[in-house]
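In numbering that gives the first Met the number 0, the protein residues as written are 0 to 420.
In short, the hints are calculated from the structure, not lab data. For clarity, every value in this text was computed on a predicted model and none was experimentally measured. Be aware that a few hints might be false.
Claimed, not checked - Taking lysine-lysine and the DSSO-like style, the derived pairs with C-alpha atoms no more than 27 Å apart in a straight line are:
(1) K217 to K205
(2) K238 to K222
(3) K347 to K254
(4) K222 to K60
(5) K238 to K252
(6) K238 to K57
(7) K60 to K347
What the hints assert, rightly or not - Using C-beta positions, here's what the derived DEER-type ranges look like:
(8) W369 to I419: 24 to 30 Å
(9) K205 to A89: 27 to 33 Å
(10) T251 to D411: 38 to 44 Å
(11) Q208 to L77: 38 to 44 Å
Don't be surprised by glycine CBs; every beta carbon is placed ideally from N, CA and C.
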Amino acid sequence: MEPRLAKRNRAIVGAVSAPLLLAGMVGTAASSPAALLQVRVPAAPIDDQVDAANNGLKAAKHALVRAQATLDQAASALPQAEQRVQQALAALAQAQAAEARAREAVAAAQKAVAAQRVKIAKTQGEIDALKVQIAGLARQAYTNGGEYQELEILLESQDPSQFAAQLHAVRRQARSNSGTLDQIVELKQELQVKFAELAALEASAKASQQEADDNQAKAQSSKDDAAAAQQQVQQLVAKRQSAVAEADATRTKLKGIYLGLLAEQRRLAQEAARKNQIGSAAWAGQEAAAARAVSFAVSQVGHRYNPNGGTGPSYGCNGFSWRAWHEAGSKWPLLMAQDQSTSKYTQKVALSAAKPGDVIFWRMNNGTDWRENAIDHVGIIVDPASGKFVHAANSHDGVKLSNYKTEAHYGDVAAVVRVIR
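Let the hints inform the model, and build the full structure from the sequences given.
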């Protein structure tokens, strides 16, 4: 899988670094140094500010997603809340209409009750008048001796025609009294019926009043529901407006981060191009120096080894490496191998990043350095791809080409440095 840093470098500056390429390996002094080395300048590393901008971009995107989710939630809930408002308003209208009808029924019932009371009062008045009349007749009968009245008329009347007339009047009065009593009975019966009707009317009026009160309560409940639903709608609208504002603010922030990131990418690209131009010249000089060092080192293959150290024409290992870079114009001093590996004129590099001309070291415990566990052997890398290097090996082999990748004796590399001046 491609490393994350490489992906980001390519995405930001569009530059790809390449390792030092070895064109060919020839083991004679006539080999051209230019044919051994080809160098490409590595891209500038990604800037920390770009990492920060990328993190801000991700955070803004997450915030935008959250705001959009809130907006969607409010938008989806709003129609249902508005429908609830409409339903509550419709229920309120129905309850108010029912209450109005009930109020009308109450008014009609109360009017009927009042009319019935008038009828009852009228009938009661008639009964009372008849009672007065009956009371008068009773007193008259008592005074006149009621049941002997006809006999008295017969005895006292001298004129037969007058007797007949008086007797007829008495009998008519008796019949009238009997009719009055019958009328009282009928009126009392009628009064009882009217009282029963009054009770029914009052019960109806009470029921209508209860219905009106119930409908009023329903209307109030529907009104409360409508108010609650309307409040929910207002809250959802406010929530949606807030989410829209948050989303707009996040989009603005996201746009700013994005534009800033683009500007940073352009800056990095320009900086990389500038450094590439500057570095190309520096690497060109380094390439030329490394090529000269390798060329000289390879040209010395076959020369004798000097166990006492030497810088030519016979060589110790440290003197041989020093001489190669001295011929290339370096200020790298002639020191013991241990000290050469830590010189301020060099820079440590990983074996996997080695280039032609880099200096390679081992701990051979060959007795050339009195310090315990000291680095005591050194050579010049010729081809890092294949592992070939040149060194003053020993008294038997002299200066020769060896391979740290295929020869176990040289497999345990202690250090690799690059001569930088």
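A quick look at each hint next to the structure:
no.: 1; hint: K217 to K205; result: holds (18 Å)
no.: 2; hint: K238 to K222; result: holds (24 Å)
no.: 3; hint: K347 to K254; result: violated (43 Å)
no.: 4; hint: K222 to K60; result: violated (44 Å)
no.: 5; hint: K238 to K252; result: holds (21 Å)
no.: 6; hint: K238 to K57; result: holds (24 Å)
no.: 7; hint: K60 to K347; result: violated (42 Å)
no.: 8; hint: W369 to I419: 24 to 30 Å; result: holds (29 Å)
no.: 9; hint: K205 to A89: 27 to 33 Å; result: holds (30 Å)
no.: 10; hint: T251 to D411: 38 to 44 Å; result: violated (60 Å)
no.: 11; hint: Q208 to L77: 38 to 44 Å; result: holds (41 Å)
Comparing the model with each earlier hint shows violations of hints 3, 4, 7, 10; every other hint is respected.
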